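K.L.:
What follows is the residue order along each chain.
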Amino acid sequence: MAAAPSSIPSASTPRPPAGIACDRSVSICQAFAHDTDTPADPDRQPPWAVLAPRNIEEVQAVICWANDNGTGLIPVSSSGRRRRGDTVPARNGTVIVDLSGMKRLVHVDARDKIAIIEPGVDFGSIDAMLQPHGLRVYRPLAPRAGKSVLASYLEREPILAANDHWDVGDPFGGTGVMLGNGRYAPTGGAAIEGTLPEHLARGHRQMVPVGPMNLDILRVMQGAQGSLGVMGWGAVYCERIPLQEQTFFGSAAQLEPVIDMARDLLHRRLGNALFIVDRVQLAMLLADDANSFAALQSALPAWILFASIAADRYRTQEKMAWQLADLRHRAQARGVNLDEVLAGTRASELSQRLRRADASSFRDNLQGAHRELFFLQQLDRAGSFLPLVQGCLAQAGLGGAPLGVYIQPTTQGVNCHVEFTLSYDPRKDDEARRSQSAWTQAAQHCAQAGAFFSRPYGAWSDIAFKRDRAILPMLTIAKSVFDPLGVMNPGRLPY
Amino acid sequence: MTTPGMELPAAVRAEFERIVGPRNVSADPAMLSGYAWNTGIGSVPPSGRKFADVWPIAVVLPGNTEEVAALVKCCLRHKLTFKAHSTGYGSMSRVASPDTVAVDLRRMDTLEIDASNRMAIIGPYVTAGKLQAEALKHGLTCHIVGAGPAHSPLASATSLIGVGITSQSTSMNARNLLSWEWVTPQGDIVRGGSAGSDCGWFTGDGPGPGVRGLLRGFVGASGGLGIFTRIGYKLYPVPLQGPPANTGRPPQIGMAVPPNYALMHAVWPDWERQRDASFELTDAGVANIMLRIPPDEIGWMLTATNAEYVELATGGRLPPVAREENGKHWAIVTASRSAAEHAWRTSVVRDIVQRTGGRMLELAPEQAEVLLRNLVTSIYIPRVLRPSGGIMTTFGVLDSFHFLPGAIEAAEETLAGETRPGGKLVEGGREEHWIWPHEGRYFWAENIVDFDTTNEASCHAAVYALLSHFAISFRNPVGVLTLGMGPVMDLQGDKIGAPQEYVRGVKNRLDPEDASRTGDFIIVKMPKLVKMLLPLARPLILSRAGLSFLARAIVKKGL
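Sequence lines, in order, name chains U and W.
Per my numbering, residue 1 is the first one in the first sequence, and the count goes up by one each step.
Per my numbering, residue 496 is the first one in the second sequence, and the count goes up by one each step.
In case anyone wonders, no lab produced these hints; they're calculated from the structure.
Quantities reported herein were computed from a predicted structural model and do not represent experimental measurements.
Accuracy of the hints is not assured; some may be wrong.
Stated by the list, open to error - Some residues of chain W that are not near chain U, with every Cβ distance over 10 Å (derived):
#	residue
1	M759
2	A779
3	V1019
4	S1038
5	F1044
To be verified - To be clear about the criterion: a stretch of chain U counts as covered by chain W if any three or more of its residues have a C-beta under 8 Å from a C-beta of chain W, and this derived list gives those stretches:
#	region
6	222 to 229
7	319 to 328
Glycine residues also receive a C-beta, built at the ideal position from the N, C-alpha and C atoms.
Excised from the complex, chain W in its bound form (with noise of 0.2 Å):
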């Protein structure tokens, strides 16, 4: 086990305490192990070890926006770097460097919901399921990423992704951050947008250009740029008031079905009829909720245990959702208010499942009902992990449903039948795609890597469908590159306008020092041997064997 290299001087302790108060200053081995975790997407632990090997230097929790401040500027002082930490899902809530100071922002948990505005204002360490539980007593809901419940809004929208499996009614984190507060690497307080005027949080554009723009696009800094302490978010209507009516038993624990509410399950023969529907089914705009699992993965969520399932599987027993004959489908959550619309609704999704070829798969009852709450909640990261412990994700998309096959495509030959049986990733179908529109408009589609955190082997088979998926995209894109993070960025971005360069110009003039340090974001300072290589380099850092050596490098090294 790696423990932490460095020590805190006793004189930054002091200052620290006295900034934020002695109980919120850690620089026990304990306590920051929990800082060091090695899991969650994106990580891999080298040789399957379960802690990484850069431990922060100390831990510390401010409990305002002023404190957050202080800290920033004496860790400016004392030369330490620093890096936000909310709710500390996956790889990129680790810290990269041994003199970063975890910034934990687990006090900041304030929650106003203004309902008659469709918006709260938010602190870091408020879960997406606590702002949901909230915002349901006004019929209203939030948007919840990939990452679940758990996971921070405030630092999804700010920091990092935010794609979610309701984006079709409630949009994506880039789209939904109003106002924003913001503590800059030099430690000043700034609020973007309404807020910055003392108007209120309703909106995060303005005076003039929107400069949120410099911060986050459709990836944020992770960290990067400083620490986010406040936002205004954007919430949606939905006809459901208060929380949902359990049914069912842990772990199967299930949601009634609401009134003129419904779950319907389509099926398709094949990804072309299944695409035509798509384009009619968003622009009917009657769905709130259009979702495609991986057949394989369905089963995950309505077996209570691996046993169960793999007891199902290989018994032939798994319920049609299940099966991957059945994979070319969507489950639609149509929400009414009254049942005349509910009427229509339903009745349009037959008529354009019939027209397109596709037909309607029954659920028995209490997997409705499971399948709704995982719907409603977007419950899903302990059922996806609980194969194995590791997890990774391809691709992206964003464009039309013209490129539904070829995503499908593509996500085959990324994992190139590492999931069929006998392959080192967790036995599953030839592609693993997560699908869901966005607004009625595009098209996300997500594939997932299920892997053994104790397998170098499956390690690498992971860590090479990661890379491999970048060679494809690069080759023949379905759309566009969402992972573009870290030294992708370098990579790619000559291609299409060189936005590095702008991120790293931003960068360097707000954080000359990178004292506001993570791993996922821009090569802060890129030598010019390497940026002139770069293009030369690239056809064989792309090349099967290239990536091949590349993936055994990472997986030596973790990720």
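So that you can see chain U by itself, here it is in the shape it has in the complex (with noise of 0.2 Å):
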């Protein structure tokens, strides 16, 4: 048997960019061919070669690299375990563009809360950058430690500080894009004459995400999927790291009473972090093992809200306590219990947890694997999709499968992420082709009882945009003017 080949043959691929790190290795190629959940097509070339620029010149130099060669890129941000299907190539003669290494934190401004950082800063090493700024980073429901931040964030993730959330943007200032075709693009409060540094030394934090002038460069690169460009730098508010804070959880047998607490927290911005979960939800982020899991979800409520207040130095103590008086007062008035324990275990170590990131995701500890399915509705809908989750499961003899529900505010509660995940062993094949084959049919069922997939990975692109076809001439739009030749992440969406 003839050995393998140690790299990728290069008779029908380009030269690749001078003076860019590149690796053609077998092995580290045929890894992007596929990712957690979505296999590699056997119809599908791997990606060719793995390039890694190390600043925006060289992701410069490699788009239009790309585009004299009509290459596909795939951008790739973040290491560790990839999921969700935007990574893995939908094209024929792709490379990845591997910006992990990119971790500088270029600025910090602890007065504007604000922090310049490159796409390979993951939440798995932010927090200790800003420490000593006083400053610590927004984050998603506990991420693991090789998420990039800028990533997180381009995908619309959603913060746990829901009153912090204004509009999508959040939490991105301005940012500098490479676009599909080559050019940079500075966004928002980034698009001032001059240099970054020059900015900088004049005093200008990149503050504002939305801009310049008639375009929202920003906004339309958010849940693009790599397709339109890549970040090569963003400004991101942080959150001052508070001198007191508190953490409760406020629970209820039924979802109601927590989704009208949470309303009433909004309407007053109390809470910093703020989401809803259910308890088997709650039992995947605190337990180790499945023994622990088994012992908090029967020990558990139905329904938990995670709320957090806090204060910094203005007249610390006092504000503690209107916040405290107002939490009691709010939980009373909707029958929700209010308390600092819950099952054995204290609100503030779920706080400690959440500000921690492992390198695997707390959804996979269980059983070693997850399926999630997740889309945007409203508070007051929220509810009525776990009847359909649960009807698609239990057609499919997975009645008992451990199904988790997390919701989070978002846009300071006009809208909300609902988020579904089961934790299935992707050793029992019987088992795993069920739940996949159930959880197919529950992202269709909840998409017809009004489920946004504004985040369409995967089989939920087909379905949100085939109840969405008046947009697809305006993708068109947005890939012709930013990524003319088409060389990002082609095939990703329907453009």
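Both chains come to you apart, so use the hints to assemble them.
P.N.:
Next comes the structure, spelled out in structure tokens:
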């Protein structure tokens, strides 16, 4: 038997761009042919190289090279286990642009609570970088350590700080984007004459996400799954680390009172982190193994609101006191139990857990794998999807499978992210297959019931764009304007 | 007086009438004059005339989205252009071509409040005042831009700028727009965001890329990219239920200070200390509204007539809040839901003011009530226009409070002493900045230029101030250039990533014949020679002589 080649053959591929680190080893390239929930397509070639630019100038060189050679580029900023299929090639002849080595914290301004970071800065490292400045980053629900902060925000992953999420752009300020046409496009507050170092020296802090002029390039880039350009750096708003912080579980047997209480807190802009989970999701978050999961799940109430109140240096005790009084009053008014300890777990432990980033997703801890289903709706409709998903699982004989629910208010409570997590054992082929089928059906049922798939990964793309065909011409315009030769993540979205 | 230059063909009129009904079509000059009225922000009447040179060929009033789409297609068939018209304030509401049909959207005023989800679904002719009145019944309010309660939030959110004095707690309209319904320049009906998937009106982005970013950025297309017909719009909770309780007598109507509300007026000796306080006040998150108005303009708010203002000013009897020496100030509104919260907010404000070397100015109750009502309802425009009838604006900033002193200096340079006694602009301070924070993050500073629309020299000084602010911004930016509209995009764009080329690309793909026509959007077809020469000519254009020449030309032609 002939030995396997150690690098992808170069006969049909162009010479890689000069001066850019390039890895063509088979094992590395093959690893990008699939991800955790997207199998490799036997008819699809793996990427033939992994390019690793070190700065935005090298990113530009790569994109220009791709335009010259007609090579598809798939940007990857995170490290570790990938999923959702958005970084798996949908066309032949692609290369990976690995941005995970761009890890610079370019600038921090504690006074304006804003930092400029590169795409390789991840949730596992950023808080340590910001801590000396008295800041911490806005986080989604327990991201894994290797998840790129910029990629998370670009994907519109919801942040826990619902009250600071004014609009989908948050927590972005201005950014530096290299478009698919190979041209640099500063967005929002970065669109000022001069270079970034000149801006910083003058005191500009790239604070507004919208613009420039009649365009909102950042908004178009968000949700594009790397198909329009590459963000070389981004200014991101941060939270000031509070002097005091107190965390609570608000719990009830029904979802409605918990949602009502969440809404009350949002109307008061009360609560730093603020989200709702069911007992399964919370047990997944807290448990270290199957035994502790089972114990927690049986001990926890059905629905839990997690809320933290905090105060900084301005009359700290007074602020904590009125916030606490308000929180208690709202819980009482809504018939929600307010506790600092639930099923033996302190809310402050969960708070610490939420600031920690593990190598793998907590959702995998229980059985080794999970399926996720998420979309946007509004708080008063969030609960209506659970019976649909449960019905699909029951039909597939998986009625007893651990199904977690996470509801994250977004846009300050105007809408919310609804997420279902199904834990399964990937070694049990039959269960994995049935859960896959049930999950596909659940997505369709939810869509028919009003779930909005604003982030259409994988099979959800068909569901989402079948329901909104009128928007397709606008997608085509976006692609033709920003990436006219179609080099960015080709075939990923229906442009 | 200029009158319409084109006559609407009878066959076209008949088609319009079939679409919207005979009552809703007019080509009567008496009616059309209302759509050529030359006033409001950005308007400079040519040689003092009341009417613009260009009148619409007709006005049509559709009653729903389908009628708008049919009208657009009818215009395209007959090679007419069209422009949306909602509440019609400012130069950007006018048509730019004599073959343009003004599509007046005043019949489309549907308003639905979704209180539990703190949003509204509104049509183009829902005014901010009406929306606020309805929202307040549910303990909610809406963002109201500088144009005041008479403006259309839909027009502001989709098609123009959208900043207003309550941005500290109500953001700006580029960020308040949720889902959107739009008739494209080709007459197709498109819904963006969640409404496009028939899921509701709660978000404007997706599936996939947020293509709304092609239709509006910080600035909208001013009617140059079709017609927006319905939107989801974000509302903001306030500890206030029902209409404000009025006090005083017209025109000096005030508002009783609600329980657990406070209006404080803090003053600092210099801009540096006010800047330091601004960082702290926004960081502490204590204020619902923070606003700095030039002291002379506070005087306009507190007097019933121009005559009263002049009498008090010349007699040295203006109240302290309206005196120039107290110009480095913040009017701070705190709104709380409990006595304890109220005590905390007001105490923190006082702490910060004291720590940063400021002091509190005491307001007479009737003054506080008038100023508070203005702050809550943003009803400033009648007073700002009162002295002379003409206003222009400059700057924007949208950056760190670090730039506060620099923004003041730049505004002084822009006005070049023309607001001082003997100057050509309405008399006032050395700068006329209205300043407020956004979301506790960055600040907006808008230098209001009041001028006499009947006086050519005054018009010239106003236009020169507008143009010179571009030159100053290019030379030494104090934040983002926010008025980069129309030809200015081409003057600056290549220095900031050439966004104008993408804007032009979007326009030409959606509307190659420029049927959705406006004078305030991009230059649709940029001649190659001009594009080539523009960078070379920029220093000349931005020179003192160049600006003065341009200002003269604009005053002669009108703006």
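K.L.:
So, for every hint listed, does it hold in this structure?
P.N.:
Right, here's what the structure says about each hint:
1. The beta carbon of W:M759 is kept farther than 10 Å from every beta carbon of chain U, the shortest such distance being approximately 15 Å.
2. The beta carbon of W:A779 is not kept farther than 10 Å from every beta carbon of chain U, the shortest such distance being approximately 4 Å.
3. Distance check on W:V1019: its Cβ is at least 13 Å (rounded) from any Cβ of chain U, clearing the 10 Å threshold; non-interface status holds.
4. The Cβ of W:S1038 sits about 17 Å from the closest Cβ of chain U, beyond the 10 Å cut-off, so the non-interface label holds.
5. The claim that W:F1044 lies off the interface holds: its Cβ sits roughly 24 Å from the closest Cβ of chain U, which is beyond the 10 Å cut-off.
6. Counting residues of the region 222 to 229 of chain U whose beta carbon lies closer than 8 Å to any beta carbon of chain W gives 6, which meets the minimum of three for the stated coverage.
7. Taking a C-beta to C-beta cut-off of 8 Å, the region 319 to 328 of chain U contributes 5 residues in contact with chain W, enough for the three needed, and the coverage statement holds.
Hint compliance for this structure: hint 2 is the single one not met.
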